[in-house]
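As given, the protein sequences belong to chains Z and Y, one line each in that order. Just so we're aligned, residue 0 is where the first sequence starts under numbering that gives the first Met the number 0, counting upward by one. Just so we're aligned, residue 0 is where the second sequence starts under numbering that gives the first Met the number 0, counting upward by one.
Just so you know, not all the hints are guaranteed correct.
When chains are identical, the list treats them as one kind, so a pair holds in a single copy or across two.
Using 35 Å as the maximum straight-line C-alpha spacing, the simulated DSBU-like pairs for lysine-lysine come out as follows [stated by the list, open to error]:
{"no.": "1", "residue 1": "K33", "residue 2": "K104"}
{"no.": "2", "residue 1": "K94", "residue 2": "K104"}
{"no.": "3", "residue 1": "K23", "residue 2": "K94"}
Calculated directly from the structure, the hints in this document are not laboratory data.
There are 2 protein chains.
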Amino acid sequence: MRATLEYAGIRVKDLEASVRFYTKVLGMIERGRKRLGETRGVLVELSGEGGGVPLELNWYERGSTFDTPYVPGEGLDHLGFRVSDLERAVAEAQKAGYPVIQEIKTATNRWVYIQDPNGIWVELNG
Amino acid sequence: MRATLEYAGIRVKDLEASVRFYTKVLGMIERGRKRLGETRGVLVELSGEGGGVPLELNWYERGSTFDTPYVPGEGLDHLGFRVSDLERAVAEAQKAGYPVIQEIKTATNRWVYIQDPNGIWVELNG
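Here chain Z stands alone, though its shape is the one from the complex (with noise of 0.2 Å):
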């Protein structure tokens, strides 16, 4: 098959807390929501301002057979974004709560890691 990859689906454990750190902390927009009773889930739908990848939130309700106990685990290494300003990026996060737990340099780049409210790993690419 030639499949084509559309969005990462992450699971979240507070809707509402995942939602405000992709909206309110890195600046993405929330563009649909939805309660699949088929899953007994509700989606997030989120991007970029810009576009860029989109990044669905999936919450799942008690007695849903996705309730599962939550480990992050290693499956998703990282979410990679992209920041126009690296370092104004890290002041912003630091403040909001979100203080940088690794950083990456090379010969030519330098990255950094913050943790999402689940303990995702996400990278900040300047």
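Since chain Z is already given, all that's left is putting chain Y on it; use the hints.
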């Protein structure tokens, strides 16, 4: 900040097994491969033949601080792929050893999930 999501990076236990799954079964294209001394890892960049969201495979060698016990976890709920012919895609995946593990039907749509070599849920929507 106004961050733009550029790609999703998944962690993989066996780099070549995951490259085979995403290129041979899903039909993505390997666009690049880099070794990062800073993390003692290798990253492989993939995207669909017709474009779409880039997927990064992150593998870490023994001794890397990221070479930790691996569980897929709940952080990555799923990766959402579109295929042109869902029936054919399902038959091809099944034949390659990746059977459907969940099917969701709504009033207007139907999609299925298979699991990648690391147990990550891969949605196929036709």
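Inset, instruction - Would you pick out the hints that fail for this structure and give their numbers low to high? - result: none
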